[in-house]
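K.L.:
Single-letter residue listing:
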Amino acid sequence: MRIGLVCPYAWDTPGGVAVHIDDLRRALLRLGHEAIVLAPADDEDALPDYVTSAGKPISVSSNGSVAKITFGPGPAARTRRWLKESDLDILHVHEPMSPSLSILSIWAAEGPIVATWHSSVASSRRDINAAAPIMRSATEKVRARIAVSEAARQSLVEYSGGDAVLIPNGVDCSLYVGDEPLPGRSRGGSTLMFLGRIDEPRKGLPVLLDALPAVAAAVPDVHLLVAGPGEVEPVRAGLPPAIAGCVEFLGLVSQEDKARALHSADLYVAPNTGGESFGIILLEAMAAGAPVVASDLDAFERVLDGGRAGAHFRNEDPADLARVLIALLRDPQRRAELQLAGRARAAQFDWARVARQVVAVYESVTPGDEKVVADLSTQFWGRWPVRRVPSPVRGSGDAG
Amino acid sequence: MQVDLGLALAVLLLLAFVVWRLSALAARIDRLHIRIDLARGALDAQLLRRARAAEALAASGLIDPASAIVLARAASNARHVGSADTVEHGLVESEMSRDLREVFADPEAVEALRELPEGQELVDDLAAACQQVTLARRFLNDGVAAARLLRGGRLVRWFRLAGYAPMPQTFEMDDEAPPTLLSYV
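Sequence lines, in order, name chains A and B. Going by this note's numbering, the first residue of the first sequence is number -10, and it counts up by one from there. Going by this note's numbering, the first residue of the second sequence is number 2, and it counts up by one from there.
The set of hints was computed from the structure by calculation and includes no laboratory data. For every residue, glycine included, the Cβ atom is placed at its ideal position computed from N, Cα and C. One thing to keep in mind: the hints can contain errors.
Heads up, incomplete: computed chain B residues facing chain A, CB under 8 Å, no partners named [said to hold, decoys possible]:
| no. | residue |
| --- | --- |
| 1 | Arg29 |
| 2 | Leu33 |
| 3 | Arg36 |
| 4 | Ala43 |
| 5 | Ala46 |
| 6 | Val111 |
| 7 | Gln133 |
| 8 | Leu136 |
| 9 | Arg139 |
| 10 | Asp143 |
| 11 | Ala146 |
| 12 | Arg149 |
Which bits of chain A does chain B cover? Going by a derived footprint, with three or more residues having C-beta under 8 Å, they are [claimed, not checked]:
| no. | region |
| --- | --- |
| 13 | 126 to 135 |
| 14 | 139 to 152 |
| 15 | 349 to 363 |
Chain A with its partners taken away, still in its complex shape (with noise of 0.2 Å):
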């Protein structure tokens, strides 16, 4: 099949839908599938051949934090043509909901489309009210729905009615076998490791920082590897003497790196405070073996499996996080079992599975030859010569 992935956000400031689109896009490849992609970007000439550029992207604030997209008459027109040379058999639409360029590519498509919800939006009532009918004429196009998490699903269904199916997020576990550990850093220690941006509260490190005095007092060698962007010097300004020495700023890493980093840790901690819909992060940490702490949130409890695939303290709650530490750093034999679980779940998590899912909706969308095409309806005049519609095509020639 040849499927068109939209992207509303910009490809060359990497976020959790982008990297989702790409890898979404890697694994189609391997099961012998064509994608290509639509996005925004800010250096259209920086971008891989497989990646069309619908403009310069804005930058918007929404669910929290800014995020950069697209939108008007030069995309429309962008999207128009990529639509009518690319010659698609899906159109797989990312995060529809937002006013995007998402959105933009379903008015101007008409065939078998596809749409993947990411976020749990935390609107008010009345947003949703007001945005809901104009956003209807979009989503009745859609012919299948995907959630990447319960949270996506449930704000799906309260904005729009309807139901989707639940195909998780993907992790590439390929990228994260073997054990291969930063230099000087093998794992056996009582390295602790955490991933994500030092200056956003919500990821947590604060909370992390708070419980660690109390970890260094138990367990003496304790380390900790902080990746991630972010300016280091205020936070290591406010560290308190007694753990200055042990906390290791890594800034931003590499996959490779990040890898590595994940085979040095003893214990992968999560402190986040919410705001999280999925955690692929967990998944990542428990590909590469790293046993998993995180806290309590709903999306985090579902991706460690109700606690069976890793440890919880509670949200926010420094003291419980330093106990749940201190024990499991006392207790080799406890990681090991939760490695052990951490890496059967994460497989279950894996690209091949989860593409495989998708493709399985694709193929339920597609029972004709039928492609996706300019929708002229959107346009005031196209509606007036009789509109070419597809029949209605039954699957195999015996299927009826």
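Take the given structure of chain A and dock chain B to it, following the hints.
P.N.:
Relative to chain A, chain B alone:
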């Protein structure tokens, strides 16, 4: 005269707007009906595929005779029920789902069946068909819900924008796949 011309123009513009709005609504309804027809065709095809897969397993000689008879009977019922009466059709397919869950209740037996020559292909095909039935039915009912919502609107009813197309109905059945099979899709 001047005033009348202005008024006439305003009325004309208003009329054009109303016609445009109505035709947009009619186009949306039309599109939803096409989507529902396609989805219904897809569901029928998947139900048929599931029945065939069950039949193939029943005829393979790989499973015990009692299970084979249960499967063959369920598949035969499903293949011969007319899809005109959706309630009857749904009941027969639900029964088939229950029979499948019964026959494939034991994960170890399913694993053993997959070890046999040809067993893997037969089991995986049935598993895929079961998964596709669940998907196809959800997408059909999703379309039906959207169409019913749109057709319930005042403008659509007053101007009979849906024409004489019957109100679309959801397809109700127990489509839960045997949990033992789901790990193979």
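K.L.:
Failing hints, ascending?
P.N.:
Result: hints 6 and 12 break, sorted rising.
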